[in-house]
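If you want the building blocks of each chain, they are given just below.
2 protein chains.
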Amino acid sequence: MQSILPAIAVPSSDTLARFTAIVGEKYALTDPADMERHLVEHRRLYHGKTPLVLKPGTTEEVSRILALANETGTAIVPQGGNTGLVGGQIPFDNEVLVNLERLNRIRSVDPRGNVLIAEAGVTLAGAQKAAEEVGRLFPLSIASEGSCQIGGNLATNAGGLQVLAYGNARAQVLGLEVVLADGRIWNGLRALRKDNTGYDLRDLFIGSEGTLGIITAAVLRLLPPPKSKATAFLGFASLDHAARFFDLALEAGAGELTAFELIPRLGIEFVLRHAEGTRDPLAASHPWYALIEIASQRVDEASIRAEALLVQAVETEIVADAVIAASLAQAAEFWRLREMLSEVQLHEGGSIKSDVSVPVADLPVFLSRAIDAVKAIMPDCRPLPFGHYGDGNIHFNVSQPVGVDKAAFLARWPEFSEAVNAIVLELGGSISAEHGIGQQKRHLLPKVKSPLEMELMRKIKDLFDPRGILNPGKLL
Amino acid sequence: MQSILPAIAVPSSDTLARFTAIVGEKYALTDPADMERHLVEHRRLYHGKTPLVLKPGTTEEVSRILALANETGTAIVPQGGNTGLVGGQIPFDNEVLVNLERLNRIRSVDPRGNVLIAEAGVTLAGAQKAAEEVGRLFPLSIASEGSCQIGGNLATNAGGLQVLAYGNARAQVLGLEVVLADGRIWNGLRALRKDNTGYDLRDLFIGSEGTLGIITAAVLRLLPPPKSKATAFLGFASLDHAARFFDLALEAGAGELTAFELIPRLGIEFVLRHAEGTRDPLAASHPWYALIEIASQRVDEASIRAEALLVQAVETEIVADAVIAASLAQAAEFWRLREMLSEVQLHEGGSIKSDVSVPVADLPVFLSRAIDAVKAIMPDCRPLPFGHYGDGNIHFNVSQPVGVDKAAFLARWPEFSEAVNAIVLELGGSISAEHGIGQQKRHLLPKVKSPLEMELMRKIKDLFDPRGILNPGKLL
Numbered sequence: 000m001q002s003i004l005p006a007i008a009v010p011s012s013d014t015l016a017r018f019t020a021i022v023g024e025k026y027a028l029t030d031p032a033d034m035e036r037h038l039v040e041h042r043r044l045y046h047g048k049t050p051l052v053l054k055p056g057t058t059e060e061v062s063r064i065l066a067l068a069n070e071t072g073t074a075i076v077p078q079g080g081n082t083g084l085v086g087g088q089i090p091f092d093n094e095v096l097v098n099l100e101r102l103n104r105i106r107s108v109d110p111r112g113n114v115l116i117a118e119a120g121v122t123l124a125g126a127q128k129a130a131e132e133v134g135r136l137f138p139l140s141i142a143s144e145g146s147c148q149i150g151g152n153l154a155t156n157a158g159g160l161q162v163l164a165y166g167n168a169r170a171q172v173l174g175l176e177v178v179l180a181d182g183r184i185w186n187g188l189r190a191l192r193k194d195n196t197g198y199d200l201r202d203l204f205i206g207s208e209g210t211l212g213i214i215t216a217a218v219l220r221l222l223p224p225p226k227s228k229a230t231a232f233l234g235f236a237s238l239d240h241a242a243r244f245f246d247l248a249l250e251a252g253a254g255e256l257t258a259f260e261l262i263p264r265l266g267i268e269f270v271l272r273h274a275e276g277t278r279d280p281l282a283a284s285h286p287w288y289a290l291i292e293i294a295s296q297r298v299d300e301a302s303i304r305a306e307a308l309l310v311q312a313v314e315t316e317i318v319a320d321a322v323i324a325a326s327l328a329q330a331a332e333f334w335r336l337r338e339m340l341s342e343v344q345l346h347e348g349g350s351i352k353s354d355v356s357v358p359v360a361d362l363p364v365f366l367s368r369a370i371d372a373v374k375a376i377m378p379d380c381r382p383l384p385f386g387h388y389g390d391g392n393i394h395f396n397v398s399q400p401v402g403v404d405k406a407a408f409l410a411r412w413p414e415f416s417e418a419v420n421a422i423v424l425e426l427g428g429s430i431s432a433e434h435g436i437g438q439q440k441r442h443l444l445p446k447v448k449s450p451l452e453m454e455l456m457r458k459i460k461d462l463f464d465p466r467g468i469l470n471p472g473k474l475l
Numbered sequence: 000m001q002s003i004l005p006a007i008a009v010p011s012s013d014t015l016a017r018f019t020a021i022v023g024e025k026y027a028l029t030d031p032a033d034m035e036r037h038l039v040e041h042r043r044l045y046h047g048k049t050p051l052v053l054k055p056g057t058t059e060e061v062s063r064i065l066a067l068a069n070e071t072g073t074a075i076v077p078q079g080g081n082t083g084l085v086g087g088q089i090p091f092d093n094e095v096l097v098n099l100e101r102l103n104r105i106r107s108v109d110p111r112g113n114v115l116i117a118e119a120g121v122t123l124a125g126a127q128k129a130a131e132e133v134g135r136l137f138p139l140s141i142a143s144e145g146s147c148q149i150g151g152n153l154a155t156n157a158g159g160l161q162v163l164a165y166g167n168a169r170a171q172v173l174g175l176e177v178v179l180a181d182g183r184i185w186n187g188l189r190a191l192r193k194d195n196t197g198y199d200l201r202d203l204f205i206g207s208e209g210t211l212g213i214i215t216a217a218v219l220r221l222l223p224p225p226k227s228k229a230t231a232f233l234g235f236a237s238l239d240h241a242a243r244f245f246d247l248a249l250e251a252g253a254g255e256l257t258a259f260e261l262i263p264r265l266g267i268e269f270v271l272r273h274a275e276g277t278r279d280p281l282a283a284s285h286p287w288y289a290l291i292e293i294a295s296q297r298v299d300e301a302s303i304r305a306e307a308l309l310v311q312a313v314e315t316e317i318v319a320d321a322v323i324a325a326s327l328a329q330a331a332e333f334w335r336l337r338e339m340l341s342e343v344q345l346h347e348g349g350s351i352k353s354d355v356s357v358p359v360a361d362l363p364v365f366l367s368r369a370i371d372a373v374k375a376i377m378p379d380c381r382p383l384p385f386g387h388y389g390d391g392n393i394h395f396n397v398s399q400p401v402g403v404d405k406a407a408f409l410a411r412w413p414e415f416s417e418a419v420n421a422i423v424l425e426l427g428g429s430i431s432a433e434h435g436i437g438q439q440k441r442h443l444l445p446k447v448k449s450p451l452e453m454e455l456m457r458k459i460k461d462l463f464d465p466r467g468i469l470n471p472g473k474l475l
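Protein sequence lines, in the order shown, are assigned to chains A and B.
Under numbering that gives the first Met the number 0, think of the first position of the first sequence as 0, with each following residue one higher.
Under numbering that gives the first Met the number 0, think of the first position of the second sequence as 0, with each following residue one higher.
Warning: the hint list may mix true and false statements.
As the list claims (entries may be wrong) - Cβ-Cβ distance ranges computed for the label pairs, FRET-style:
id, chain 1, residue 1, chain 2, residue 2, range
1, A, P465, B, S449, 17 to 27 Å
2, B, R466, A, E414, 42 to 52 Å
3, A, L271, B, R457, 56 to 66 Å
4, A, L462, B, I303, 53 to 63 Å
5, A, S367, B, Y26, 45 to 55 Å
6, B, G402, A, V133, 46 to 56 Å
7, A, M453, B, S449, 26 to 36 Å
What the hints assert, rightly or not - Cut-off 30 Å, straight-line C-alpha distance, at most; resulting in silico cross-link-like pairs (DSSO-like, lysine-lysine):
id, chain 1, residue 1, chain 2, residue 2
8, B, K352, B, K405
9, B, K226, A, K226
10, A, K458, A, K448
11, A, K228, B, K226
12, A, K458, A, K48
13, B, K128, B, K226
14, B, K25, B, K128
15, A, K48, A, K352
16, A, K446, A, K352
17, B, K228, A, K228
18, A, K446, A, K458
19, A, K458, B, K446
20, A, K446, B, K458
21, B, K458, A, K458
22, B, K374, B, K405
23, A, K374, A, K448
24, A, K374, A, K405
25, B, K48, B, K374
26, B, K448, A, K458
27, A, K228, A, K128
28, A, K128, A, K25
29, A, K448, B, K458
30, A, K446, A, K48
31, B, K25, B, K48
32, B, K352, B, K374
33, A, K226, B, K228
34, B, K448, B, K25
Claimed, not checked - Take a look, some chain B residues computed to stay more than 10 Å from chain A by CB distance:
id, residue
35, A129
36, H273
37, E275
38, E338
39, A375
40, A407
For the record, the hints were derived by calculation from the structure and aren't laboratory data.
Ideal Cβ positions, reconstructed from N, Cα and C, are used throughout, including at glycine.
Just chain A, same shape as in the assembly:
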């Protein structure tokens, strides 16, 4: 991947020894075999190097690590579950990697107050489970939830499958604890729904990708869970039909529609071909599909709502065909079709990826223009745009033509990416809807932000991290 290496000084052996002393030898890895899982991410797009992986066990240890880093000018890469898709959590070369996985305590759970306090290293699934155990819902939900961690989720303002109803990671947080670049600890662990006392520091750290401070704990907002859910798979004759159905579903029950995932026919075909035990969800084939989920606070109500909505949509010919999952097993089957989409692309050769958003109402025009644009570059390429339709967020991926050389195809990533991004920008969209900037899109940022916005962001960076030790070469 295209990355611009920042100049990062090599820490002295004395400095490394001082870092090691903070966490103890057991939690200071230097053996390449031990460090490996922290240095490569699962798609193998980024493979980093580091002299030292530190695993602090407390906020206090993180504080001492950053104080020392600041004193010695040592670059630090904070890392959660290592599931990021833009290389933000991977060091280039000489940075010390600070992995937060041992900060994995649920500090408190309060079902009546609808909050829980989780440390950065709690996995997303762990936070969901802690909420569930007291009869509450923590609604953030992403494909990597078994391994990604709360700290990383917040540092990247993760999105995922239920943003439509519940908002991004940012919306799930009431307060934060953050270790600043100089090691000082900001205790912003407030559990308030309303608090107008000064500037919003919380939202500045959320989404800053570890460049302004290291999030060590968060007060997460919980909800009473829905009492029933319905999952349905729908086929559409065109994108315009999908758009009309989305409007209809939103009108029928804003807040009840918890997911609206778009899948093209090619995606279904890839899954059927490469994922064992899957089957075509509908009798006939359709150019576009949606997987939707409807939730209700009343037992059994969700499926009644879903049925009424689908009957109306089929009768008015907005939907070509639809099926509501008759069991939890069938719902899981439907979700598997969606969840396998990333993996199955690996079996079809090279895949050029993007993660973009446009205003929701502009999705049909965006998709049709972007498909035309990539076909113009390479007529046989296979566009596979899918994802969070309800948020205007599409993973506009393109699989290589059958039989061509994978490396040669991937070498044209910038060309494809530029073509898609140009349409995104024309429509007022974002070149990184939910994955962030990391190393991957850092070179693009000045092209999509005004010089003024770049200047303000750089000044904020300098203010919070004057020595530039926090995740250098990422984001900005």
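Fit chain B to the given chain A structure using the hints.
Showing chain B alone in chain A's frame:
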């Protein structure tokens, strides 16, 4: 009110002439009679002075005003509808007041995309109406909505009556246009649900009370409106019963419960005594009341939901008595009881006010301790805590004892305020839940924030406004 006057230089007559030239003489007020309505707020707690009131008609004019202010070191007070309750919008003495009321265009409305772009001077009611005209809901709702303006709502992160279901002003905004202290315009008018490209500048300006920049326009998030609503008035034997009912209502329909306003018996008595045409909402008298609203996306469903909930609550003796409004007229009557609460206190002598929040589950303990605390100061004082129970946000007001001297009572404001705030802080609460800091609570901020948080906020202020021209002496 206690205010600390910052040292503000008197602008020269040449500078004033240059400011006047930007907007034209017609929109540059110097006549005390013309300026009066901008210099005093309706409770008459703050009465400011200014050499000049400017009413720019475009973002460009705001930009030129701030460029000149920055050049000449002229202090500026931005003002919307002048409904703020902490004096943030009132100049001390020599500041030039920039009133945004002429920036009152709805730039665009997009019902399919569920967004509208409003300029800062559009009243909140105007934005609501623009949404309504295209079949959409803009859910921010506060008592002053007829006169307060979008710019002020966002600069103060306004709360109000429907935060429980829809969030604060912050949650209603997708993008902003802001004029910076040096006159440069940041165009952040994005209409995206997901955009992870860099630091969250938007949320830094929201709630900054005009001290970091002047918001000139915003992309507001719209929703399909509910198809039915039910309004009910409930009586409780104790605060603990109110708390149990809140939990029950939330469990029954999170997202459907759009308002949960707490009112003590004394509040009802004040309203009955001073507001013509009002009547006791329930047959017997109860120590505590709640006004609740339930919304549904289905026609006629809200009242069915409300009825089921209230039947359950009455049967389990959580609610002592309850009535669902049988008509829109009766719903309006119920709301009038709530809305008159601020005004009727004026007829009962001095009222010491606060606007605090605690974690929602801690409200009963907060209220009982705060009532004890003010009674300990003055046994005959009359606590009148009311407000947004569902957000943990209470306007903990205290009316003077009958027959004592008003001024002498009001002189003890700091003492009462400290007693209430001490309990708020012990419970991890906020001394300003929705009104902001302004001039009123500026001296309290360093007492409730850590030195580190104060330092970070001051550095951010210096970064955005190095000459200190934007609303000096407010907030920080």
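Results for each hint:
1. About 20 Å separates the C-beta atoms of P465(A) and S449(B), a value consistent with the hinted range of 17 to 27 Å.
2. Distance hint check: the CB atoms of R466(B) and E414(A) are about 46 Å apart, consistent with the given range 42 to 52 Å.
3. For L271(A) and R457(B), the Cβ-Cβ distance of about 60 Å falls inside the hinted range of 56 to 66 Å, so the restraint holds.
4. Roughly 54 Å separates the CB atoms of L462(A) and I303(B), a value that falls within the hinted 53 to 63 Å.
5. In this structure the hint that S367(A) and Y26(B) lie 45 to 55 Å apart at CB holds, the actual value being about 47 Å.
6. Look at G402(B) against V133(A): about 51 Å separates their beta carbons, and that is inside 46 to 56 Å.
7. For M453(A) and S449(B), the Cβ-Cβ distance of about 31 Å falls inside the hinted range of 26 to 36 Å, so the restraint holds.
8. Between K352(B) and K405(B) the CA atoms are separated by roughly 14 Å; this keeps the pair inside 30 Å, and the hint holds.
9. A C-alpha spacing of about 22 Å is found between K226(B) and K226(A), which places the hinted pair at or below 30 Å, so the restraint holds.
10. Proposed proximity of K458(A) and K448(A) is supported: the alpha carbons are some 15 Å apart, at most 30 Å.
11. Distance check on the hinted pair: K228(A) and K226(B) sit about 22 Å apart at the alpha-carbon level, within 30 Å; holds.
12. The hinted pair formed by K458(A) and K48(A) meets the criterion: a straight-line CA distance of about 29 Å does not exceed 30 Å.
13. Between K128(B) and K226(B) the CA atoms are separated by roughly 17 Å; this keeps the pair inside 30 Å, and the hint holds.
14. Restraint check for K25(B) and K128(B): the C-alpha separation of about 29 Å stays at or below 30 Å, so the hint holds.
15. Of the supplied pair hints, the one linking K48(A) and K352(A) holds, its CA atoms being roughly 25 Å apart against a limit of 30 Å.
16. Distance check on the hinted pair: K446(A) and K352(A) sit about 19 Å apart at the alpha-carbon level, within 30 Å; holds.
17. For the hint pairing K228(B) with K228(A), the CA-to-CA distance comes to about 24 Å; that is within 30 Å, so the pair holds.
18. Proximity of K446(A) to K458(A) is assessed by CA-CA distance (about 18 Å); at most 30 Å being required, the pair is judged to hold.
19. Pair hint K458(A) plus K446(B) holds up; C-alpha atoms about 28 Å apart against a cutoff of 30 Å.
20. Restraint check for K446(A) and K458(B): satisfied, since their Cα atoms lie roughly 28 Å apart, inside the 30 Å limit.
21. As the CA atoms of K458(B) and K458(A) are separated by approximately 11 Å, the hinted pair is consistent with the 30 Å bound.
22. Of the pairs offered as hints, the one joining K374(B) and K405(B) holds, with about 17 Å between alpha carbons and a cut-off of 30 Å not exceeded.
23. Our distance criterion of 30 Å between C-alpha atoms is met by K374(A) and K448(A), whose separation comes to about 28 Å.
24. Taking the CA atoms of K374(A) and K405(A), the gap is near 17 Å; set against the 30 Å cutoff, the hint holds.
25. Between K48(B) and K374(B), the direct Cα distance comes to roughly 38 Å. Violation of the 30 Å bound is thereby established for this hinted pair.
26. Restraint check for K448(B) and K458(A): the C-alpha separation of about 24 Å stays at or below 30 Å, so the hint holds.
27. With a CA separation close to 18 Å, the supplied pair K228(A) and K128(A) stays within the 30 Å bound.
28. Distance check on the hinted pair: K128(A) and K25(A) sit about 29 Å apart at the alpha-carbon level, within 30 Å; holds.
29. Only pairs whose Cα atoms come within 30 Å are accepted, and K448(A) paired with K458(B) is accepted, the gap being roughly 24 Å.
30. Distance hint between K446(A) and K48(A) is fulfilled; the C-alpha atoms sit about 29 Å from each other, no more than 30 Å.
31. Between K25(B) and K48(B) the CA atoms are separated by roughly 20 Å; this keeps the pair inside 30 Å, and the hint holds.
32. Taking the CA atoms of K352(B) and K374(B), the gap is near 15 Å; set against the 30 Å cutoff, the hint holds.
33. Pair hint K226(A) plus K228(B) holds up; C-alpha atoms about 22 Å apart against a cutoff of 30 Å.
34. Distance check on the hinted pair: K448(B) and K25(B) sit about 44 Å apart at the alpha-carbon level, beyond 30 Å; violated.
35. With a least beta-carbon separation of about 17 Å from chain A, A129(B) lies farther than 10 Å from that chain, consistent with its non-interface assignment.
36. Every C-beta of chain A lies more than 10 Å from that of H273(B), the closest at about 28 Å, which supports listing it as non-interface.
37. Listed as a non-interface residue, E275(B) keeps its Cβ farther than 10 Å from every Cβ of chain A; the least gap is roughly 32 Å.
38. Non-interface status of E338(B) relative to chain A is upheld: no Cβ of that chain comes within 10 Å, the nearest being about 19 Å off.
39. No beta-carbon of chain A comes within 10 Å of the beta-carbon of A375(B); the shortest separation is about 26 Å.
40. Remark: the non-interface label on A407(B) is consistent with the geometry, its nearest Cβ contact in chain A lying 30 Å away (cut-off 10 Å).
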